[in-house]
Amino acid sequence: MSGQVLPRPAMSGADRRPISLHVGVLALLFGLQFVLPAYDHTNMARIMILASYAMGYNLLLGYTGLMSLGHAMFFAAGLYGAGLAAYYLGFDPLSAFLAGTIAGVGLSVAVGLVALRTGGVSFMIVTLMFAQACFLLTLYFNEITQGDQGIVLDLSAWSWDLGGEEGPLGLISPPIRYNLALLLFTLCLLAIFFLMRSRIGRVLIAIRENEPRVTMLGYHSFRYKLGALTLSGTMSAAAGATYALLFSYVGSTFAGIQYSILPLLWVLLGGQGTILGPLLGTALMFYLVDISSEYTSSYMLIVGVALVLLVLWFPKGILGSLRQRWLPWLP
Amino acid sequence: MSLGPHLLLAFLEGTVSAFVLALTALGLSLVFGVMRIVNVAHGEFFMLGAVLAYGFSSLVPGLPALGFLLALILSPLVVGAIAWGADRLVLSRLNYNPEATIVATIGMLYIIQQLVLTFYGPDAHPVQPPINFRILFPWFGYSGYKLVVVAAAAALLLLTWYLLMRTHIGLVMRATQLDRETALNFGIPVARVYSMIFALGAMLAAVAGVLIVPIQQAHYLMGLDPLLLSFITVIIGGLGSLRGTLIAAFVIGLSDGMISVFFSGTLSKIIATLLVALVLVFRPAGLFAQSAR
Amino acid sequence: MAAVTASEGALLATRGLSRRFGGLRAVDGVDLTVARGEIRAVIGPNGAGKTTLVSMICGRIPVSAGEIRFEGEDITALRPWSRVERGIAYTFQITSIFQNLTCFDNVALAAQRGLPCRGGDAELARKVERTLARVGLEGRGSALASTLPYGHQRLLELAIGLALEPKLLILDEPTQGLSEEEIVGFCALVREIATEATVLLIEHNMPVVMDLAHLVTVMDNGRILAEGTPEEIRANPEVQRAYLGT
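Residue numbers (the working numbering), protein chains in the order written: chain A, 1 to 331; chain B, 1 to 293; chain C, 1 to 246.
No lab work stands behind these hints: they were computed from the structure.
Keep in mind the model is a prediction, meaning the values are calculated, not measured.
Where is the CB? At the ideal position from N, CA and C, for every residue including glycine.
Any given hint could be a false lead.
Stretches of chain B that chain A covers, calculated by requiring three or more beta carbons in the stretch to come under 8 Å of a beta carbon on chain A [said to hold, decoys possible]:
id, segment
1, 113-119
2, 240-247
If you want the footprint, here are the derived chain C segments under chain A, 3+ residues with CB under 8 Å [to be verified]:
id, segment
3, 84-91
4, 99-113
One chain only, chain A, in its complex shape:
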């Protein structure tokens, strides 16, 4: 009998279901690219990258129980790390991606060492403040970052000849873009999936449930929280780096408070502490805003109302409630 690291009773013989579910979802995502119209094709690529960001956020919030209000700084670290490296230093896409991700690692550790000395509300405010400082830094160094206006990247120099009729495909061509986004999503998904089934994952969940007890079990809880924050920030940065490279744009808005609140919303909506919750929440919110923007331009109103309703009536989100009522095996 395996010990499932889930806050639900593990049912014997249910081992196959989580794996089949996730493989199924990945296969579905892969297959979608062949049937989606062009507009949705691009949207799905965007959604998968943002969902990776959300999964990184979920690792910290849903599994470790720490709510950060400043994750935009990690996303932006990746975004600017990759974008500026490509723009000013002529890095190729892979190196730029690595540059962005490493920037994320560095920032996560630095922030974590300081911010993790606090918890709860203080932690929220501290992360918010650090993120705000980072946002202001992107504005302050206007000459390099072009602030709000941002930088449009020209990555057409890199292309690959896949033998198709259109000749070499660049980064922003739909098939490459979609599949690279899917690759990022898959890697993040697998990382979380295996982490949360491991012993480390068990400790993280325990920290969420009852941190003082965890220290009394012999775990140096600060180190675990730092590890979780670092992985969470790195994942967010990887998403940011991918976004910069696949959508060829780097700008201050992505470092703003909004991009710290959005992953919170996506995770709450989809279900915190579930693996597929972030994807569901991101996709739903994306299309909700998309559809409503045909009628009104006040999409922040929807975000606000959604947040209030979620926190009042559906704190577990969609998959969380589903898991509680009907599907206890849902990871």
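With chain A held as given, fit chains B and C onto it using these hints.
What follows is chains B and C alone, placed relative to chain A:
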């Protein structure tokens, strides 16, 4: 203008900022001190006060003094009512859980901001000050209204102090802050007290917004800076300490006002936000906090 | 009153251990020595400082004065997790298990520490099942901790302590809430545990103390009032005066 007069000007500006900040931050501090929640939408109450002031004063065009008086009385009342409603409908249902409250007030921030954007528009609109006179210093002229602001704010701070310290309602509020359980046992309607406090906090912010609007135009995004400054003030003064909040408000308001005469905004904001974070991490009781709550 | 001599071979030795909360001296200059293999009971009226004392020993709360030596090493400044690593385990007076996790996960958290990472899930599962069976929760692995009746939650608390494979197991009022039958089983279990570990037991249940303890330490007002065998303590007039009801 040489340095001396420049400093005087900076000092005057700083004083105005300090008093307005004191009002705003006091509202935030009161809410945190009694209810132990952080209201991220606090800046929006400030903004609503300003925007409603514009609305009320445009009801009587050509009579700026009357319009302003109307605004001064009605705006806080409307904002107080909105805050009361928000508390009854949302915050009390969350049992004032700290994290859930922050998420909910973030939602409220977006809702209020968007609604104002929709109905008021994206532009900034000016409001006429009720009195228009200039005080003539040897080196520069200074808007007399700004000194009226200082006087009005001081009066309101005293009024609030009186309300909290000398009235029955104030006593009830302070009792609830000190020990919620005992207050309940004494038959104090804690839920209603909480709503009152939340409304009072919002009204203080709103009145600050009304006072500031003839100086600084009403704009739907104007709540963010006061929010940040109030946060800084409350945290540095010590979460839950009213006295600390007031002291910090004057220190920060003066320095912010003075700095903004000499330097640009972004760098000082960066330093300010980092300072708040570091104080919270290393000195969670604040720099001026009293040992008792 | 038999004197308990502090020896070099003692497992646990505190010297002048004190804890002050403002003006209140919760624990005042306690010299406690526990030998390897002992079952030591600490008794005393409510507010005597028993839980505060053991909380300092396991690292939950900091020390105001004095020192603690475990196996000869000064552990006074060590953080809780380091003390667990050295072999001190504490079970909480107010049950502090992970309510939303399964019994399996509760015990696994403690058990997995000792096992190498590559040890494999099978070995971990075996260890967990063994521990659960030992306390009488056999087969309850997949049950959510919160669904257990209170007595079983106390047993789970004990299982978690056991899974840490401690040298010193500190039990804080472990029989509280257990039925008579469960208490009998508990006593048998503690005797079994004492063959491999030293047990420090805070208890109000006098029959259990008389039955299990090799030595009893009586605390009152933060100080040690008396120490001796259960019979000596029962006959001690000062103890009777301070702590009515034997």
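A quick look at each hint next to the structure:
Counting residues of the segment 113-119 of chain B whose CB lies closer than 8 Å to any CB of chain A gives 5, which reaches the minimum of 3, so the coverage claim holds. Check on the segment 240-247 of chain B: 0 of its residues sit with their Cβ under 8 Å from a Cβ of chain A, so the three-residue criterion for coverage is violated. Beta-carbon proximity to chain A at under 8 Å applies to 3 residues in the segment 84-91 of chain C; the threshold of 3 is reached and the given coverage holds. Under a criterion of three residues with beta carbons nearer than 8 Å to beta carbons of chain A, the stated coverage of the segment 99-113 of chain C is upheld, 11 such residues being counted.
The earlier numbered hint that this structure contradicts is number 2, and it is the only one.
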